[in-house]
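Chemist: Sequence:
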Amino acid sequence: MLGNSLSIAIVHYHFDTVKLLPFRFGIMILFIFKSVLKNLTIFVLACRATTELREGDARQVSARLSQVQELLQQAEERASSAGNEPVPQITIDHVTVSFARSGGPGGQNVNKVNTKVDMRFNVQNAYWLSDRIRERIIQLEKNRINKDGEIVISSTKTRTQKGNIQDALAKLQAIIDAASYVPPPPSEEQKKKIAKLAAIGEQKRLKSKKVLSDKKAFRRSRDSWD
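Using my numbering, read the sequence shown as starting at 226 and increasing by one per residue.
Bear in mind the hints are in silico, worked out from the structure with no lab data behind them.
Any given hint could be a false lead.
Unchecked claim - With a straight-line Cα cutoff of 30 Å, these simulated BS3-like cross-link-like pairs (lysine-lysine) come out:
{"#": "1", "residue 1": "K421", "residue 2": "K434"}
{"#": "2", "residue 1": "K382", "residue 2": "K372"}
{"#": "3", "residue 1": "K396", "residue 2": "K382"}
{"#": "4", "residue 1": "K418", "residue 2": "K396"}
{"#": "5", "residue 1": "K440", "residue 2": "K396"}
{"#": "6", "residue 1": "K440", "residue 2": "K429"}
{"#": "7", "residue 1": "K396", "residue 2": "K341"}
{"#": "8", "residue 1": "K367", "residue 2": "K387"}
{"#": "9", "residue 1": "K421", "residue 2": "K432"}
{"#": "10", "residue 1": "K367", "residue 2": "K341"}
{"#": "11", "residue 1": "K429", "residue 2": "K418"}
{"#": "12", "residue 1": "K396", "residue 2": "K367"}
{"#": "13", "residue 1": "K418", "residue 2": "K432"}
{"#": "14", "residue 1": "K421", "residue 2": "K440"}
{"#": "15", "residue 1": "K417", "residue 2": "K435"}
{"#": "16", "residue 1": "K441", "residue 2": "K429"}
{"#": "17", "residue 1": "K417", "residue 2": "K434"}
{"#": "18", "residue 1": "K429", "residue 2": "K417"}
{"#": "19", "residue 1": "K440", "residue 2": "K418"}
{"#": "20", "residue 1": "K417", "residue 2": "K396"}
{"#": "21", "residue 1": "K387", "residue 2": "K341"}
{"#": "22", "residue 1": "K341", "residue 2": "K372"}
{"#": "23", "residue 1": "K432", "residue 2": "K396"}
{"#": "24", "residue 1": "K435", "residue 2": "K421"}
{"#": "25", "residue 1": "K418", "residue 2": "K434"}
{"#": "26", "residue 1": "K382", "residue 2": "K367"}
Unchecked claim - Pair ranges (Cβ atoms, derived):
{"#": "27", "residue 1": "I363", "residue 2": "F443", "range": "50 to 56 Å"}
{"#": "28", "residue 1": "R444", "residue 2": "Q415", "range": "19 to 25 Å"}
{"#": "29", "residue 1": "Q428", "residue 2": "D356", "range": "19 to 25 Å"}
{"#": "30", "residue 1": "A403", "residue 2": "R444", "range": "20 to 26 Å"}
{"#": "31", "residue 1": "K417", "residue 2": "Q364", "range": "27 to 33 Å"}
Positions of the beta carbon are idealized from the N, C-alpha and C atoms, including for glycine.
Just need the whole structure built from these sequences, with the hints factored in.
Modeler: Okay, structure coming up:
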């Protein structure tokens, strides 16, 4: 309504002025008032949009902070439950082992005895692991798990089968240890910092979105006056 009222007032004033001025000067004034009218209309639209943005900002930032608080709460619950869960230990009973001859130099023992160890660990069927750890292993080692759901570890570190079995088990245990780890929940100070950064980030996102919207509105307004 304000934009329309201003438009009517300025147009009336413009035509009354043009009648009293020479034709060329009146044409120049016409273009000046046309430009002023366009800028005033854009200003009114911007003021109205800014008010709407502030109200929308409060709602969206509040929603974003609620999501952050929920994620922090979930992190605390995971840390609390994992704190009482011992790290599982893998044994020879949990894997399938096969032997082969080691390649490369190493003397007659390497050439005659099958010391190389190929160890297969079926993650999907490892029900002795908790669901959380099993799913985490699948996520971390997705590029190493074959179509049968197995992680295959090979070892030729030592010249004995026993030594290579221990080495392969140690490698699998390292994978389980990594999947079992749960970072501690953030402190109260860290929570406040996370919430603050989340609010700032959401405000920047909304501001960037509003700038783009204003550009489009300006183009539409400019085209309507041309």
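Chemist: Indicate, hint by hint, whether the structure satisfies it.
Modeler: Hints and how they fare:
Using a Cα cut-off of 30 Å, the hinted pair K421 and K434 holds, with the two alpha carbons roughly 20 Å apart. Restraint check for K382 and K372: the C-alpha separation of about 27 Å stays at or below 30 Å, so the hint holds. Taking the CA atoms of K396 and K382, the gap is about 12 Å. The hint holds against a cut of 30 Å. With a C-alpha separation of about 38 Å, the suggested pairing of K418 with K396 is violated against the 30 Å cut-off.
Straight-line distance between C-alpha atoms of K440 and K396 comes to about 57 Å, which puts the hinted pair past the 30 Å bound. The hinted pair formed by K440 and K429 meets the criterion: a straight-line CA distance of about 17 Å does not exceed 30 Å. A hinted pair counts as satisfied when its Cα atoms are at most 30 Å apart, and K396 with K341 qualifies at roughly 15 Å. The straight-line distance between the Cα atoms of K367 and K387 is roughly 28 Å, inside the 30 Å bound, and the hint therefore holds.
About 16 Å separates the Cα atoms of K421 and K432, which keeps this hinted pair within 30 Å; it holds. The straight-line distance between the Cα atoms of K367 and K341 is roughly 25 Å, inside the 30 Å bound, and the hint therefore holds. Only pairs whose Cα atoms come within 30 Å are accepted, and K429 paired with K418 is accepted, the gap being roughly 16 Å. Taken as a hint, the K396 and K367 pair is honoured in the structure, with Cα atoms around 16 Å apart against an allowance of 30 Å.
Straight-line distance between C-alpha atoms of K418 and K432 comes to about 21 Å, which keeps the hinted pair within the 30 Å bound. About 29 Å separates the Cα atoms of K421 and K440, which keeps this hinted pair within 30 Å; it holds. Restraint check: the Cα-Cα separation between K417 and K435 comes to about 27 Å, which is no more than 30 Å; the hinted pair holds. Note on K441 and K429: the hinted pairing holds, with a Cα-Cα distance of about 19 Å set against a maximum of 30 Å.
Annotation: proposed proximity of K417 to K434 holds, straight-line Cα distance about 26 Å (limit 30 Å). Between K429 and K417 the alpha-carbon distance is near 18 Å, which keeps this suggested pair within the 30 Å criterion. With a C-alpha separation of about 33 Å, the suggested pair K440 and K418 falls outside the 30 Å cut-off, and the hint is violated. For a cut-off of 30 Å, the pair hint linking K417 to K396 is broken: about 39 Å separates their Cα positions.
Of the supplied pair hints, the one linking K387 and K341 holds, its CA atoms being roughly 10 Å apart against a limit of 30 Å. For a cut-off of 30 Å, the pair hint linking K341 to K372 stands: about 23 Å separates their Cα positions. Of the supplied pair hints, the one linking K432 and K396 is violated, its CA atoms being roughly 49 Å apart against a limit of 30 Å. A threshold of 30 Å between alpha carbons decides the hint, and for K435 with K421 the separation of about 21 Å falls inside it, so the pair holds.
Distance hint between K418 and K434 is fulfilled; the C-alpha atoms sit about 24 Å from each other, no more than 30 Å. The straight-line distance between the Cα atoms of K382 and K367 is roughly 25 Å, inside the 30 Å bound, and the hint therefore holds. The hinted range of 50 to 56 Å is satisfied by I363 and F443, whose Cβ atoms lie roughly 51 Å apart. Look at R444 against Q415: about 44 Å separates their beta carbons, and that is not inside 19 to 25 Å.
For Q428 and D356, the Cβ-Cβ distance of about 38 Å falls outside the hinted range of 19 to 25 Å, so the restraint is violated. Between A403 and R444 the C-beta distance comes to about 53 Å, which lies outside the given range of 20 to 26 Å. At about 30 Å, the beta-carbon gap between K417 and Q364 stays in the expected band of 27 to 33 Å.
This entry does not satisfy hints 4, 5, 19, 20, 23, 28, 29, 30, going by the numbered hints stated previously.
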